[in-house]
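All chains should be built: construct the whole structure from the sequences, respecting the hints.
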Amino acid sequence: MATKEPLWTRDFILDTLVNFLIYIVYYMLVVIIASEAIHSLNASLSEAGLAAGIFILGTLLARLTAGRSIELFGRKKMLYAGLVFYLVTTVLYLFVNSLSVMYVVRFLNGIGYGVTSTATSTIIAGCIPLSRKGEGINYYALSMSLAAAIGPLIGMAMQQVVSFHYIIGFNVAVLIICCVSSVILHVEEVQLTAEHLAEIKKFTIDNFIEPRVYGISLVAFFVGVCYSGVLGFLATYSQELNLLAAGTLFFAVYAGVVTLARPVAGVLFDRRGEDFVTYPTFVCLAIGLLILSVTTQSWQLLLAGVFVGLGYGTFMSNGQAICVKLTPPHRIGVAVSTYFVALDLGLGVGPYLLGFAKPSFGFTGIYFSTGIAALLCGVLYYLIYVRPRDRKAALAAAQGEGGSHRLR
Numbered sequence: 011m012a013t014k015e016p017l018w019t020r021d022f023i024l025d026t027l028v029n030f031l032i033y034i035v036y037y038m039l040v041v042i043i044a045s046e047a048i049h050s051l052n053a054s055l056s057e058a059g060l061a062a063g064i065f066i067l068g069t070l071l072a073r074l075t076a077g078r079s080i081e082l083f084g085r086k087k088m089l090y091a092g093l094v095f096y097l098v099t100t101v102l103y104l105f106v107n108s109l110s111v112m113y114v115v116r117f118l119n120g121i122g123y124g125v126t127s128t129a130t131s132t133i134i135a136g137c138i139p140l141s142r143k144g145e146g147i148n149y150y151a152l153s154m155s156l157a158a159a160i161g162p163l164i165g166m167a168m169q170q171v172v173s174f175h176y177i178i179g180f181n182v183a184v185l186i187i188c189c190v191s192s193v194i195l196h197v198e199e200v201q202l203t204a205e206h207l208a209e210i211k212k213f214t215i216d217n218f219i220e221p222r223v224y225g226i227s228l229v230a231f232f233v234g235v236c237y238s239g240v241l242g243f244l245a246t247y248s249q250e251l252n253l254l255a256a257g258t259l260f261f262a263v264y265a266g267v268v269t270l271a272r273p274v275a276g277v278l279f280d281r282r283g284e285d286f287v288t289y290p291t292f293v294c295l296a297i298g299l300l301i302l303s304v305t306t307q308s309w310q311l312l313l314a315g316v317f318v319g320l321g322y323g324t325f326m327s328n329g330q331a332i333c334v335k336l337t338p339p340h341r342i343g344v345a346v347s348t349y350f351v352a353l354d355l356g357l358g359v360g361p362y363l364l365g366f367a368k369p370s371f372g373f374t375g376i377y378f379s380t381g382i383a384a385l386l387c388g389v390l391y392y393l394i395y396v397r398p399r400d401r402k403a404a405l406a407a408a409q410g411e412g413g414s415h416r417l418r
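Using the working numbering, you'd call the opening residue of the sequence shown number 11 and step up by one each time.
Incorrect hints may appear among the rest.
[Unchecked claim] In the DSBU-like style, the derived pairs of lysine-lysine whose C-alpha atoms are separated by at most 30 Å in a straight line are:
1) K86 x K335
2) K143 x K335
3) K335 x K14
4) K335 x K87
[To be verified] Derived DEER-like restraints, expressed as beta-carbon distance ranges:
5) P398 x N107: 13 to 21 Å
6) F83 x V172: 26 to 34 Å
7) H49 x A406: 54 to 62 Å
8) T269 x V171: 49 to 57 Å
In short, the hints are calculated from the structure, not lab data. In this text, a Cβ means the ideal position worked out from N, Cα and C, and glycines have one as well.
Laid out in structure tokens, this is it:
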């Protein structure tokens, strides 16, 4: 009986920890920044949504360039650079005194987060044995999903008892821990051939966006838009419903569900294929959002957290695993960057667009619409990823069969 290749190595654990902490900082701030802008800077709901979303524009800019730069300059160097910039720009929140300054700081902070998170997501590919890619990435991506739950939970809880400056101080301390951890992290750098180096140095669109992952990345964009209504407005929505305690616990429920689901999803991904675990994520996300649209009681809000966790929390890691599966080692940085550019773009533009819809449709209309959209994401997944993939596989099989006949 063959023994499994080791997964839980020191470097796998360290990189996953650093990733978890940088996402904690991101999610802590994104869930409270709209409320902070409204109450401290007198922003409207759409302006507050822009304060939450402009961060993602900085992230997009960083990811588009980081995917190429990571392999060109080195994965660990880019991790160091991203962490230091993320730390410095987080300190700048202490000096925000107007909405325009908030926009600038959020944008710069997004650049630091984008470089750092792209570096950790690229580094992890070298820490996982080939036979356990789906399982390893799901465990790694659990760090993102747990952060997506724990970060808002901590942020919303701290917002009720301490000032914004204390929250920033906490985040600065977290990022200092990341910097220390990254020093002892050993990173396997990809040894580029002269041909690969020349290819990466070219200023072409393919060196910023990986064509192999266009399909799954477009799906990720729309899934991000659907989830952005939860991330950007759940704090405000739960206050409107007088369910603030349940709104805080929503993310704890989300974390618990994702913790249980992710390891199972990873094993199923490796054994049964990506479709087996991806299609149900769209259905679960839709159910969670539709429940939110009719929520009037605490138990309904928490039940929505269960389904949103099974939906968005599981999709995010499966999408990344698909990207790694489709891409050769020297292109993983660009592929991961492309995927998260699309996902983050959806998370970024979503609150701004949905903020405009709020006066006409209310939160009920927003969550109902995004629930239906989540179902349509399943259709899109089939049309632009599954069908072309299966057609290509069938063509390759037919050509191989034709070649074997000719050999006979």
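Query raised in the report: Looking back at the hints listed earlier, which ones does the structure fail to meet?
Result: Hints 5, 6 and 8 contradicted; others consistent.
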